[in-house]
Amino acid sequence: MTEHVKQLLDRMADELRHRLQDKSITDPGLVGIHSGGVWVAEQLQSRLQLEAPLGRLDISFYRDDFSRIGMHPQVKPSSIPFSVEDRHILLVDDVLFTGRTIRAAMNEIFDYGRPASVTLVVLVERDGRELPIQAQVVGEHLKLNPDQQVKLRGPEPLHLDIVQLEASS
Numbered sequence: 161m162t163e164h165v166k167q168l169l170d171r172m173a174d175e176l177r178h179r180l181q182d183k184s185i186t187d188p189g190l191v192g193i194h195s196g197g198v199w200v201a202e203q204l205q206s207r208l209q210l211e212a213p214l215g216r217l218d219i220s221f222y223r224d225d226f227s228r229i230g231m232h233p234q235v236k237p238s239s240i241p242f243s244v245e246d247r248h249i250l251l252v253d254d255v256l257f258t259g260r261t262i263r264a265a266m267n268e269i270f271d272y273g274r275p276a277s278v279t280l281v282v283l284v285e286r287d288g289r290e291l292p293i294q295a296q297v298v299g300e301h302l303k304l305n306p307d308q309q310v311k312l313r314g315p316e317p318l319h320l321d322i323v324q325l326e327a328s329s
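Residue numbers (this note's numbering): 161 to 329.
Derived from the structure by calculation, the hints contain no laboratory data.
The structure presented is a predicted model; accordingly, all values stated were derived computationally and were not measured.
Among these hints, one or two may not hold up.
To be verified - Each computed DSS-like pair below joins lysine-lysine, with the alpha-carbon atoms no more than 27 angstroms apart:
#1 K166 <-> K183
#2 K311 <-> K236
#3 K166 <-> K303
#4 K166 <-> K311
Produce the entire structure from the sequences given, and follow the hints as far as they go.
Structure representation (structure tokens):
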């Protein structure tokens with residue numbers, strides 16, 4: 161794991177620890193969005209010493225642009241191995257960009273039940289939001305050009321790359 165990502169995760173875990181303590185939340189449900197969000201959630205689960213099993217979401221079928229992007233060849237089943245009903249959920253993703261992935265993830269979570277609350281936790285938040293979605297815990301805020309993307313590579317070691325998108329013709 162690169163030192164930069166390790167520092168971001170340490171800071172995020174500290175902030176989450178304080179947030180949970182301030183709200184008297186003792187047993188949150190941790191849910192990562194496939195695949196980078198799961199990698200981040202695994203790291204946070206270890207740092208926070210949470211005993212509940214980790215939930216994993218693949219939101220491919222919940223996306224509002226599914227018909228436009230088509231079937232993703234590596235769709236994985238979602239699994240939330242705990243009751244969502246009245247539970248405080250920590251929803252984790254690697255990068256918050258347009259907000260569409262988070263909207264889809266929340267739709268899927270609500271299919272499992274009605275949580276007491278959902279706290280959005282992201283490693284990187286960048287500009288370009290299309291939906292009014294905001295993370296409560298953020299590792300790093302990045303300003304990127306429209307032709308750039310940030311990618312989390314992993315799972316071992318975790319590191320962030322800024323990728324230049326190729327111009328489409």
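Here is how each hint holds up against the structure:
1. For the given pair, K166 sits about 26 angstroms from K183 by alpha-carbon distance, which is consistent with the 27 angstroms threshold.
2. Annotation: proposed proximity of K311 to K236 holds, straight-line Cα distance about 20 angstroms (limit 27 angstroms).
3. Under the criterion of a C-alpha separation no larger than 27 angstroms, the hint pairing K166 with K303 is consistent with the structure, at around 21 angstroms.
4. Restraint check for K166 and K311: satisfied, since their Cα atoms lie roughly 16 angstroms apart, inside the 27 angstroms limit.
Going through the hint list in order, the structure satisfies each hint without exception.
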